[in-house]
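Novice: Sequence:
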Amino acid sequence: MTAPTAAPTPIRVLLADDHTLVRRGVRLILDGEPDLTVVAEAGDGAEAVAKARETAVDLAVLDVAMPRMTGLQAARELSRRLPDLHILILTMYDNEEYFFEALRAGASGYVLKSVADRDLVEACRAAVRDEPFIYPGAERALVRSYLERLHRGDGLPERAITEREEEILKLVAEGHTSKEIGELLFISAKTVERHRANLLQKLGMRDRLELTRYAIRAGLIEP
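Quick note, the sequence shown lines up with residues 1 to 223 if you use the working numbering.
To be clear, the hints were calculated from the coordinates, so they are not data collected in a lab. All the given hints hold, so there is nothing to weed out.
In silico lysine-lysine, DSS-like type, Cα no more than 27 Å apart, as pairs: (1) Lys190 / Lys202; (2) Lys51 / Lys113; (3) Lys190 / Lys179.
Nothing here was measured: the structure is a model prediction, and the numbers come from that model.
Please model the complete structure; the sequences and the hints are all you need to start from.
Specialist: Next comes the structure, spelled out in structure tokens:
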């Protein structure tokens, strides 16, 4: 008599979103599948990085717009620190630039919240199989846009600011002081001020208000 085959271990998921109700809804979707289980939750990108380092997880599902550290910033940090961790971006933004930035950050999939009930489960499974997942309907537009860029000789869009400048821009726009930003990023307040001055010069802006408006347009913070 053949012994019964043991059930495969479920994919362990870290879920990061700053809206508790969204996390609850997404968790219901994932925990309803026998091969998926949410083992950790985070309310911002920095907490997601910390939870991923202290909890055994196979997949991180990250919202884009979160306090302290965006999902894209967290994805970059997780890719550096935990290269074997699979990453999915879950977002309300149907945005080509965010999609390419997500790939650059190490994510293997990009899922819209509006259709998460339809696409998220398959996206999770695809990510763990090391297969890319693009939400249906986006492939044709993205490929067409990419080919147009190549035809013009443009390639992928370039980053306007560095990763460190982006981190500081987000925290400045959230109202943190240079001292607080320095403590969060483990750098001196003087270094923060230098980065802030570089941001103003590079972006052609004059003050915190203009930086905040730019951060909103760039999706680093919510209006």
